[in-house]
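Q: Sequence:
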Amino acid sequence: MYFLYQKFPESADNEGGSTLSSVKEEEILSLFALQENKQIENIAIGVFDGIHLGHQKILRNLLSLGSKENSLVITFEPHPLAIIAPERVPPKLVSLQQKKTLFEIYGLKHILFIRFDQRLRELTAEAFIIELKKAFPRLKRVVVGEDFRFGWNAEGNVRLLREKGHLLGFETIVVTPLLFQGQSISSTKIRKAIERRDFSLASQLLGRSYRIEGIVGTGQGVGKTIGFPTANLEHIVQLLPPPGVYGCQVVYNKEIFIGVANYGRRPTVQEEGRLNLELHLIDFEGNLYGQTLSLFNFHFLREEKRFLSVEELKQQIAKDIEKTKSFFL
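Residue numbering for the sequence shown follows UniProt numbering, beginning at 1 and increasing consecutively.
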C-alpha cells in the first residue's frame with residue numbers, strides 16, 4: 001500500500017493564495033438531527049485536530065475505497081475535551097476554516113462537522129453506532145485510527161465498532177499509526193515541536209508548513225513612526241510559538257510575501273504590555289486593516305529584548321529584515 005506515504009496530488013504546502021473555505025455555524029450539525037443520506041457508503045471518523053501525516057493516512061484509505069461522491073469524513077466541533085475536560089483542551093493546530101480547506105485540498109468532497117455537546121458526550125457507544133447507521137443506511141465501511149474512542153466515558157473502541165458494525169452490515173477498517181523515526185506521529189508531538197521552535201520537525205509531521213492566521217486589527221502605530229509599519233494580528237486560534245522574533249512567509253490577497261514577525265510585549269516602546277503578534281511585511285505598501293494574513297515557514301531570528309533606544313531598535317529590525325531575506329530570496 002505504497003500510496004499511503006505519497007503526497008496528496010495538491011500539496012497543502014502550496015495552497016499559497018488559496019482562499020480559506022468558510023464554515024458557518026449552521027454547518028455544524030447535531031448527530032441526532034441528521035437527515036437520512038443514502039449516497040454515502042464509506043466514512044472516516046476522527047477529531048483530526050492537526051490533519052497531520054497520520055490523519056492523512058486515514059484519509060488516503062478512505063479515498064481508496066470508492067469515489068469522492070460516496071465518501072464522507074466526519075469530525076467534531078468543538079474538540080471533545082472542551083466538553084469532557086475543558087482544562088485539558090489542547091491548543092489548536094488548525095482553525096475550523098483551515099480544517100475544511102485541507103480536507104478539500106486532500107480530495108474530500110463531503111465533510112460533516114458534528115457538534116460535540118453534552119448530549120453527544122452522554123451517548124453510549126452502541127447508541128452512537130446505531131445513530132451513524134440510521135443516518136447513513138447504505139454504510140459499507142468505516143475508517144478510523146487504532147486509538148479511536150467514542151461513547152460515554154470513551155467506552156467504545158475499534159473492537160466494539162468492528163463487532164457492532166458486522167451486525168449492522170458495515171466493515172471497520174483500522175488504520176495503524178504512521179511512524180516517523182520509529183515513533184507514531186501525533187498532534188501532541190507537533191505541539192511540543194512548535195513549543196520548542198522546531199518548525200522543521202513540525203512541518204515534517206504535518207506534511208506541510210505550520211500556519212498561523214489572524215486578522216489585522218488596529219495598533220498604536222509605533223512601527224510606522226520608526227519606519228517599519230507593522231500589522232497587529234488578532235483572532236488567532238492556532239498555537240503560537242514562544243515569544244521571539246521570526247522571519248516568515250506570508251499569504252495576503254493570493255500572493256506570497258516575506259515578513260518579520262514579533263511575538264512579545266514590545267519592551268522598548270511600552271511597559272510590560274500584553275503578548276501581541278505583530279508583523280512587518282517587507283517591501284509592502286498599503287493598508288492591511290481588516291485583512292486576513294496567513295504566516296508560515298517560520299525561522300527563529302532572536303529573542304525579544306529591551307533596547308536602550310529606539311534608534312538601536314531600528315538598527316536591529318533592519319538586521320532582522322536582511323536575515324529574513326537571506327532565508328527566502
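Read the hints as simulated data drawn from the structure, not as lab findings. The reader is advised that the hints may include incorrect statements.
[Stated by the list, open to error] Below, a list of computed lysine-lysine pairs in the DSS-like style, where the Cα atoms sit at most 25 angstroms apart: (1) K164 - K140; (2) K38 - K192; (3) K254 - K100.
[To be verified] Here are the simulated distance ranges between beta carbons: (4) K325 - K38: 54 to 60 angstroms; (5) E171 - Q35: 20 to 26 angstroms; (6) L275 - F180: 28 to 34 angstroms.
From a predicted model like this one, the values you see are computed outputs, not experimental measurements. Idealized CB from N, CA, C, for every residue including glycine.
Q: Could you work out which of the previously given hints the structure breaks and list their numbers from low to high?
A: The structure conflicts with hint 2 only, although it agrees with all the remaining ones.
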